[in-house]
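Protein chains in written order, with our numbering: chain A, 27 to 483; chain B, 165 to 554.
Worth flagging that the hints you see were computed from the coordinates, not collected in a lab. Given the structure is predicted, the values throughout are model-derived calculations rather than measurements. Hints are supplied without guarantee of correctness; some may be wrong.
To be verified - Coverage of chain A stretches by chain B, computed from C-beta distances (three or more under 8 Å per stretch; other residues unrestricted):
(1) 104-118
(2) 214-223
(3) 295-303
(4) 433-442
Said to hold, decoys possible - Think about it this way: if two alpha-carbon atoms lie no more than 25 Å apart in a straight line, the pair counts; the simulated SDA-like pairs of lysine to any residue are:
(5) B:K285 - B:Y296
(6) A:K244 - A:D444
(7) A:K215 - B:R509
(8) B:K314 - A:E406
(9) A:K215 - B:K285
(10) B:K314 - A:F236
(11) A:K233 - B:E257
(12) B:K479 - A:V216
(13) B:K350 - B:D421
(14) B:K285 - A:D444
(15) B:K309 - A:N375
Idealized CB from N, CA, C, for every residue including glycine.
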Amino acid sequence: MNIFRKIKFLVTGSRLRFGLGIIKNPGIITSIRRIDGRYTKSSAINIFWFLTRALWRFPGIFDYQPDPSLHGVSELTYMILSLEERLKKAKRDGAKIVAKWPANPTDLYFGCGVIALDPFFAGYCRILADGTSDIAKRGRAMLSEDACPAQAAAYSIISEETFPLDFFYPFIGPWCYDSQYCFEALRHKVDGDYGDHPVFDYKEDEKPSFDYMVGEIKRFIAKMEEFTGSKFDLESLRREFVIENELREALREITGFAMLDPPPINSLDLVLCIFISSDWLGDPEAALQVLTRIRDGVRARAQAGQKAQNITDKPLRLLITGIAWGDLGLYNMVDEIGGQIIGSECVLNLYYEDIDTTGDPVRTIAKRFMTTPYALPAKERAKWTVKNIQRLKKVDGVIFNCNFGCNYQTAEARMVTDTIKRETGIPCLITDTDLPQENRGQMRTRLEAFLELIRQA
Amino acid sequence: MEFSALEKIDDLLGKRVDELKEAKSSGKKIVGYFCCYIPEEIIHAHGMIPLRLSQFGDNNAASIGASYLTANACPFARSCVGIKHSGKNDYFELTDMIADAPACMQMRRVLEVFETYFNTKIILISIPRQFYSEKGQSFFANSLKVFSKKLESESGNAFDSICFNKAVELYRDIRNRQRRLYEYLKSTEPVISWAQVMKAIRAGFLLDRVKYLELLNELVSEVDSATPDKNACSNIRLLLAGGMLAPGDDKILRIIDEVNGNIVMDELCTGSRGIYVDVKAADIAHIARGYLSNIPCGSLPYPRLEGDPRHKHLKRIIKDYHINGVIYYTLRFCDAYSFKAAHTREIVSFYNIKFLHINSDHSTSDVHQIRTRIEAFIESIGNGIDEHIS
Ligand code: SF4
Ligand code: SF4
Chain A
27 MNIFRKIKFL VTGSRLRFGL GIIKNPGIIT SIRRIDGRYT KSSAINIFWF LTRALWRFPG
87 IFDYQPDPSL HGVSELTYMI LSLEERLKKA KRDGAKIVAK WPANPTDLYF GCGVIALDPF
147 FAGYCRILAD GTSDIAKRGR AMLSEDACPA QAAAYSIISE ETFPLDFFYP FIGPWCYDSQ
207 YCFEALRHKV DGDYGDHPVF DYKEDEKPSF DYMVGEIKRF IAKMEEFTGS KFDLESLRRE
267 FVIENELREA LREITGFAML DPPPINSLDL VLCIFISSDW LGDPEAALQV LTRIRDGVRA
327 RAQAGQKAQN ITDKPLRLLI TGIAWGDLGL YNMVDEIGGQ IIGSECVLNL YYEDIDTTGD
387 PVRTIAKRFM TTPYALPAKE RAKWTVKNIQ RLKKVDGVIF NCNFGCNYQT AEARMVTDTI
447 KRETGIPCLI TDTDLPQENR GQMRTRLEAF LELIRQA
Chain B
165 MEFSALEKID DLLGKRVDEL KEAKSSGKKI VGYFCCYIPE EIIHAHGMIP LRLSQFGDNN
225 AASIGASYLT ANACPFARSC VGIKHSGKND YFELTDMIAD APACMQMRRV LEVFETYFNT
285 KIILISIPRQ FYSEKGQSFF ANSLKVFSKK LESESGNAFD SICFNKAVEL YRDIRNRQRR
345 LYEYLKSTEP VISWAQVMKA IRAGFLLDRV KYLELLNELV SEVDSATPDK NACSNIRLLL
405 AGGMLAPGDD KILRIIDEVN GNIVMDELCT GSRGIYVDVK AADIAHIARG YLSNIPCGSL
465 PYPRLEGDPR HKHLKRIIKD YHINGVIYYT LRFCDAYSFK AAHTREIVSF YNIKFLHINS
525 DHSTSDVHQI RTRIEAFIES IGNGIDEHIS
């Protein structure tokens, strides 16, 4: 990192808010306790020092402005930035780390005693922390010039062993088509297997698909038993449901508060919270402590009618569908120009409802797989999104984002937005993104024009 | 060398649209499909006409397709949508329904677009990714049973085991003859060229399958009695591998031809891949096993490097066909194949064979650059042979 850039950031006031906010508000940092078998144990002083050093180690974070005066945001930032180190430590302590695809239920992995890692999110974290997309560029050179940035970055962090990984075991189905090939391209580096989520297209004959899915989950469990050397126990899976339901509930509450006027949480902080649902940053219990703090902080602000930092008065509320923007700077930009992101359809897939804790956990997980809105045909996915827009009531505009190289989301962009427009009359915009920090100027122009269009409408 | 059977194939292809119109007016149903996991046997057994709608190469169609799928979809997928949108392709327009077992999820979206925007009747067959396991195969057999039931109600023809046996027999014979054609290409002094074999294979996507078998028989006996043209032999023996090279997409073939490249074998889903399907008995379980045990489509990932069936097949081809250069051709945004390039290169290089990956579409903007790369590639193979001889 070039020293001049750091100095520039250190002397330009507005950019200091994130880094120095931690120092200015040390009282907001609390420790994260270790709870049996989990991996994050950090005292307030650890977190404080980590984040202070982070100013130098992760130059990319200066590009973003979370709001550290909101309780819990510093700890969340700590968890995101320390993921790599925490996983390495966990691995040294004998934990097994298994890669999954984002929409695969985390409960199943943690419930089997392994740490779930979503390498696509981790790859993005690395890009954001580095402040350059070099890892994605190196990944593209190996995979394909047409690889989406998340695939390319994931490829690099695994092949270059930046992040530790013992095994890949995603469940592949009718969603992100590219990730299965990304894992396949990593076979020389790491062993793995695939769970099969059958394409579920004949409704009149669902049972064989469901039974097959149950069989696939059992095969996964057997592999994890072999891997960890400990016997799987249904109760631990059920306990995991309980913890993760709490996490999901916290996210739903935070998203609900974001709808208030004035909004007590800004776009960036909201998406940072919801993004982590793809693997809970390796530690569901620690994530629960952090999200609970944020939820309480947001609630306190809501009760006091306090508006979040960086956000304008009466912002236009935007829902992101398709793949959420990987460039966190865009969320700050939306706030700046009079908008507000109130959720992202792709991660909503992960926390929109709780998992039933009463039935047979294996069948429950199978059901969860097969009813994930992402896994449904585009028409049904669109209907589900419409239902959510209607439930949220106050959505002013919908953005469908396509990542360059993504064959999945992009192919549904028109089918989904056409349905949303037809059913709700809400204006929709399709955006295209690629490597973070590229084309921000062009994006700003498009977003400003879109907000203008909504205002006129 | 010219073969009269190939001329007859051309002739029949010219008349095929009229023939289909006639069949349709007499009440026959036409079932279109794209991917090679559709067992035509089952369609044929229900008295319906299968048509493989793999046509491609029209830039205009691909750009129209992009307005439905965005430019991030593979150009073949976009072309399919664009062709349907134009409403001008007779084969597309004549189909009563499209059935597909899309191993490639991009094609699944294509079908959704057809259903949503063009009101096409779609029958989707669930294909397992565990293609190599017993459970996966019995899951697929179940999917095929459901498929057969649907065709029963669409065609009005109840399942008839005699028709079914005949259909299995017919396709077994077709694939036998096709394999025979590819066998000829192993010779370093072949009587038939790869381009001619490819023409015969592609005709099988559209022609009436009974007549098609007759023509294949004719072609095989013509080739059997022909003598090789030694002047047409070349030391350079290229394998064209990759995903999709559908009829109409001849950009890469033209370039290879222009620089005197000599393709002797392919490993493409629109070429040799389908000929290795081996249905051992006339029942649905054997059909499922036969199709899933074939050399897998790149869209179905294999979890382990060791024992990867695609790699095994590739090694076998390299040896049997005396290959000394592999051109790995992928379509842009086809991650199923392009992400495999690095491992494929390693396999090929292990045998000291030259490898060239070209990732392109059918636009003309990169023709010059591709030509230069292929030229240099062929030259380097030539130099290698010379060095070896000296
Ligand atoms: S952007 Fe698309 S291709 Fe990339 S990881 Fe997400 S779903 Fe997969
Ligand atoms: S396998 Fe590749 S070339 Fe074939 S349809 Fe899918 S993306 Fe396109």
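Next on the checklist: Please list, smallest to largest, the hint numbers that this structure does not respect.
Outcome noted: Hints 1, 3, 5, 6, 9, 11 and 15 not satisfied by this model.
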